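Asks: Take the sequences, apply the hints, and build the full model.
All the letters of the sequence shown, read from the start, carry residue numbers 1356 to 1836 under my numbering.
Treat the hints as calculated values from the structure; they're not laboratory data.
Note that this is a predicted model, so its numbers are computed, not measured.
C-beta: ideal position from N, C-alpha, C; glycine also.
One or more hints might be untrue.
FRET-style restraints, in silico, Cβ to Cβ [to be verified]:
#1 T1650 to D1459: 34 to 44 angstroms
#2 S1485 to A1638: 18 to 28 angstroms
#3 D1507 to V1399: 47 to 57 angstroms
#4 R1414 to A1457: 20 to 30 angstroms
#5 V1759 to D1718: 18 to 28 angstroms
#6 P1802 to D1718: 13 to 23 angstroms
#7 D1763 to D1718: 25 to 35 angstroms
#8 T1435 to H1404: 13 to 23 angstroms
#9 V1708 to A1815: 24 to 34 angstroms
#10 E1804 to V1708: 29 to 39 angstroms
#11 A1728 to Q1773: 19 to 29 angstroms
#12 A1638 to R1414: 53 to 63 angstroms
#13 P1716 to L1816: 20 to 30 angstroms
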Amino acid sequence: MTGPKVDLPEGSEDALRGSTARVVEQLGCQIVEGGKPRDQHLTVDAVMHEFGITRPMAREALQTLHQKGLVNLQPRIGATVQALERWDLLDPDVIAWRLEVAPDSQMRSLTELREVIEPRAARLAALSRSAEICHDLTSHARTLLALSQDPDFAQPREGAAIRQRFRDIDAAFHRTLLAGSRNELFLRLSHPVVMALNHRIDRDWTGNHQETTVTPTRAAARADTVQSYPPRPQPIAMWLHIGLAYAVDQGLPTAAEAFAEAILAEIRSGRLQDPVVRDRLRAGLDQFNANSLPTAHRAGFQEAMAALTNAQRVPVVVMGVSGCGKTTVGQYLAESLRVPFEEGDDFHPRRNVEAMRNRTPLDDRSRSPWLAAIAGRIRAAGSEEGLVITCSALRRIYREMLRVARPDTFFVHLVLGQDEATARVESRDSHYMPASLVSSQFEDLEPLEDDEAGMTVDAALPAERIVAEVQTELVRRIRSR
1356 MTGPKVDLPE
1366 GSEDALRGST
1376 ARVVEQLGCQ
1386 IVEGGKPRDQ
1396 HLTVDAVMHE
1406 FGITRPMARE
1416 ALQTLHQKGL
1426 VNLQPRIGAT
1436 VQALERWDLL
1446 DPDVIAWRLE
1456 VAPDSQMRSL
1466 TELREVIEPR
1476 AARLAALSRS
1486 AEICHDLTSH
1496 ARTLLALSQD
1506 PDFAQPREGA
1516 AIRQRFRDID
1526 AAFHRTLLAG
1536 SRNELFLRLS
1546 HPVVMALNHR
1556 IDRDWTGNHQ
1566 ETTVTPTRAA
1576 ARADTVQSYP
1586 PRPQPIAMWL
1596 HIGLAYAVDQ
1606 GLPTAAEAFA
1616 EAILAEIRSG
1626 RLQDPVVRDR
1636 LRAGLDQFNA
1646 NSLPTAHRAG
1656 FQEAMAALTN
1666 AQRVPVVVMG
1676 VSGCGKTTVG
1686 QYLAESLRVP
1696 FEEGDDFHPR
1706 RNVEAMRNRT
1716 PLDDRSRSPW
1726 LAAIAGRIRA
1736 AGSEEGLVIT
1746 CSALRRIYRE
1756 MLRVARPDTF
1766 FVHLVLGQDE
1776 ATARVESRDS
1786 HYMPASLVSS
1796 QFEDLEPLED
1806 DEAGMTVDAA
1816 LPAERIVAEV
1826 QTELVRRIRS
1836 R
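Replies: Pasting the structure below:
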């Protein structure tokens, strides 16, 4: 990270300070990433030579790094690079450099810090129940919900201003929560909390990596990892913020603490399905008065909490002919539902793969062991874990084989015309399924019937729209039980 020689305008004090800040940043990043090993000596002359700066600038840069704990300044020895445990790990610059160099580990550390302090701060805020804090928390929570529902939020350009305002309000919400604890040490920790929040939406927003359609950043997140920020905030996260704000307003410490835990669990892969988290949330909801919410928010809040705390997680099979987008939709759906994802094609025995590669259509006999393997994976999925798996499931009898494993299996049929399916398969480079077999799939296809648990969706829709429709239908089915 060595920068170019800095040319200072003659007599410019502002340029001098700015250049010194750049040298501090470059040296700090080098130390954080290991480019300046522990116990290495950094002399003023060496820093002057490396960065092409004046002696006073080099001294100021080393003094700044000394204050941050990255180096230790001693007379006649110079600066010695320090080990991580000596760094001021809550210094904003050190946090920023670590987010730049090793974002996953730093985000994990920041999230673990939040998991310790925010639920406790929520409990203390509810016990204190300051009128000003209650007003600000509930106002911020309602604004976050409204911004998250803006149609342009997920648009890379059109939604930039909306996301910026959401980011600022979210930071204000969590600062207010820490201030509400009336613990001055918690309040001092608001800066690293806000940096963690901002990093997710500034640098880790999934929409930065999309173009015309939304695709997942990972097929299946490792258990308990911090999730990338989704294209738009998850509705459940917004309702949990509403719950937290109004639990503080109602003076319910147990409920406030449970909502804060759930908010943090939501950003962890699979953590929101943890029975302990959900049991605590149920206990908090038993005390919570939903009638205190604004009328416009009551039904949505109750639906979201019912879906989270009461429902078993049914296995979802994304079905349809080759080329309809099962893998893309399945991956994104699993990411959105925070459940494991499985690619059904991976369960084919080798002879099936070779047959398709040789342009030989599969018959019922060859499909049988494949369907049995998928059924076994569905059977193994617990009601708390959930599962999204792809499978063409063309005929009803195939779907019945999967339902034997789990009668509550839900099918999402992605419907696509034959010409478009053929064109999509022809454009794929790395799949063994040839375009010549697409017509045989349409010959076998038996669409979902009225008595089958599932839904039909236009495969030409953007993945985000498809996933939103599936989530809506799953919630509706939960409510109707």
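Asks: At the C-beta level, are P1716 and L1816 separated by a distance inside 20 to 30 angstroms?
Replies: holds (29 angstroms)
Asks: Quick check on a hinted range of 20 to 30 angstroms for R1414 and A1457, using CB atoms only.
Replies: This hint holds: roughly 29 angstroms between Cβ atoms.
Asks: Holds or violated: the 13 to 23 angstroms window for the beta-carbon distance between P1802 and D1718?
Replies: Holds: the Cβ-Cβ distance is about 21 angstroms, inside 13 to 23 angstroms.
Asks: Given the hint of 29 to 39 angstroms, check if E1804 and V1708 actually sit that far apart at their C-beta atoms.
Replies: With Cβ atoms ~30 angstroms apart, the hint holds.
Asks: Falls inside 53 to 63 angstroms, the C-beta gap from A1638 to R1414?
Replies: holds (58 angstroms)
Asks: Could you say whether the range 18 to 28 angstroms given as a hint is met by the Cβ separation of S1485 and A1638?
Replies: holds (24 angstroms)
Asks: Indicate whether the distance between the beta carbons of T1650 and D1459 respects the range 34 to 44 angstroms.
Replies: holds (42 angstroms)
Asks: That 47 to 57 angstroms hint for D1507 and V1399 (C-beta), does it hold up?
Replies: Given a distance of about 52 angstroms, which is inside 47 to 57 angstroms, the answer is holds.
Asks: Confirm or reject the claim that A1728 and Q1773 have a C-beta distance inside 19 to 29 angstroms.
Replies: The hint (19 to 29 angstroms, Cβ to Cβ) holds, given that A1728 and Q1773 are roughly 28 angstroms apart.
Asks: For the pair V1708 and A1815, does the Cβ-Cβ distance stay inside 24 to 34 angstroms?
Replies: Distance hint for V1708, A1815 holds at roughly 28 angstroms.
Asks: If you check the beta carbons of T1435 and H1404, does the distance land in 13 to 23 angstroms?
Replies: With Cβ atoms ~18 angstroms apart, the hint holds.
Asks: Take a look at whether the Cβ-Cβ distance between D1763 and D1718 falls inside 25 to 35 angstroms.
Replies: holds (29 angstroms)
Comparing the model with each numbered hint stated earlier shows that all of them hold.
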